[in-house]
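Starting from the given sequences, assemble the full structure and let the hints guide the process.
Keeping their order, the protein sequence lines are chains Y and D. The opening position of the first sequence corresponds to residue 1 in the numbering used here, with each subsequent residue numbered one higher. The opening position of the second sequence corresponds to residue 1 in the numbering used here, with each subsequent residue numbered one higher.
Do not rely on the hints blindly, as some may be mistaken.
Computed, partial: chain Y to chain D, Cβ under 7 Å [claimed, not checked]: (1) Gly-47; (2) Thr-49; (3) Gly-55; (4) Gly-98; (5) Glu-125; (6) Leu-127.
The set of hints was computed from the structure by calculation and includes no laboratory data. Every value quoted in this text rests on a predicted model; they were computed, and no experiment measured them. Here a beta-carbon is modelled for each residue, glycine too, at the ideal position from N, C-alpha and C.
There are 2 protein chains.
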Amino acid sequence: MGADLIGPFRNATISVLSTMAATVPVPGEPRQSGDAVHFGAVTGLIGLTSPTAHGNLLLTFDEQSILNVVSRMFGEQILAINQEVIDAVGEITNMVCGGAKRELAEQGLKFDMATPLVVTGNHLELLHISKSRIVSIPFSTPEGKFEVATTLEVQD
Amino acid sequence: MGADLIGPFRNATISVLSTMAATVPVPGEPRQSGDAVHFGAVTGLIGLTSPTAHGNLLLTFDEQSILNVVSRMFGEQILAINQEVIDAVGEITNMVCGGAKRELAEQGLKFDMATPLVVTGNHLELLHISKSRIVSIPFSTPEGKFEVATTLEVQD
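What follows is the structure, encoded as structure tokens:
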């Protein structure tokens with residue numbers, strides 16, 4: 001299959017954060033994360049299904065990075081991870097997934113999205129048990145780092 | 001909508017653990033967990049989509065509870081959470097979801113499943129941002145506790 005499974009998530013991440021938080025995150029090189037993604041302080045995740053592909057999208061933020069993003073979104077200084085931040089991460093996850101979904105549909109890959117979940121807590125690991133690997137893109141912003149990871153698996 | 005969204009997950013959990021680990025877990029009363037589920041040592045989660053409903057399934061195990069379950073599955077004493085345990089939790093999550101999916105299909109609710117993810121780490125919270133609530137079923141076994149939670153949201 002020739003679909004670009006990473007670019008649409010990278011593009012959607014840049015677009016959503018530029019629009020919502022007036023910050024343009026700089027993507028690093030995508031990498032195979034092997035079996036584990038270490039969670040930052042707040043992680044949004046959402047499942048994806050289609051007749052020919054299944055997987056998940058994760059956005060995991062360092063504390064300072066997400067506090068700065070939401071402070072920009074809300075136009076006021078947010079100092080701690082609270083319910084508003086949780087909701088914002090869920091919404092950002094949903095929007096990034098929706099943007100990637102539209103771009104993937106143009107490549108002929110049509111997805112349904114489950115509902116986003118948000119997990120808080122540092123020093124967790126996500127360990128993925130699917131046969132496919134985790135591919136992640138590190139992003140940097142002036143204020144901190146975050147990571148976008150996908151586990152999409154396409155049946156040929 | 002008249003679908004029973006909880007019973008199929010309860011039934012599938014009992015069936016899968018009885019078959020795989022020769023232990024019959026005893027379900028407690030389902031409860032509305034509000035916004036958060038506290039994760040145990042290992043948590044399996046999977047997204048669900050359908051034209052009319054979206055959500056997630058989570059199975060979260062205390063350490064002792066999952067070590068005993070996998071020890072029974074493998075027929076040898078497993079003393080620590082390792083990759084085999086991670087894989088087993090992913091597989092259990094997948095099978096419970098598949099069982100519930102079949103029963104829900106009989107009610108006319110057809111789901112697609114994303115791929116399972118497994119998260120390790122105690123003292124995490126899952127904070128759910130969907131409009132629907134988390135409904136969870138506590139289970140007890142002779143060896144420990146675990147919890148099955150769903151966030152299914154049906155569009156009427």
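Evaluated hints:
Contact between Gly-47 (chain Y) and chain D, as hinted, is supported at the beta carbon level, the nearest pair being about 2 Å apart and thus within 7 Å. Interface hint at Thr-49 (chain Y): satisfied, since its Cβ lies 4 Å from the closest Cβ of chain D, which is below the 7 Å cut-off. Hint on Gly-55 (chain Y) holds. Least Cβ distance to chain D is approximately 6 Å, under the 7 Å limit. Interface restraint check: Gly-98 (chain Y) against chain D, minimum CB-CB distance 13 Å, threshold 7 Å, status violated.
Interface restraint check for Glu-125 (chain Y): the shortest CB-CB distance to chain D comes to about 5 Å, inside 7 Å, so the restraint holds. At about 5 Å, the closest approach between the beta carbon of Leu-127 (chain Y) and any beta carbon in chain D falls short of 7 Å, and the interface hint on this residue holds.
When each numbered hint is compared with the structure, a violation occurs for hint 4 only.
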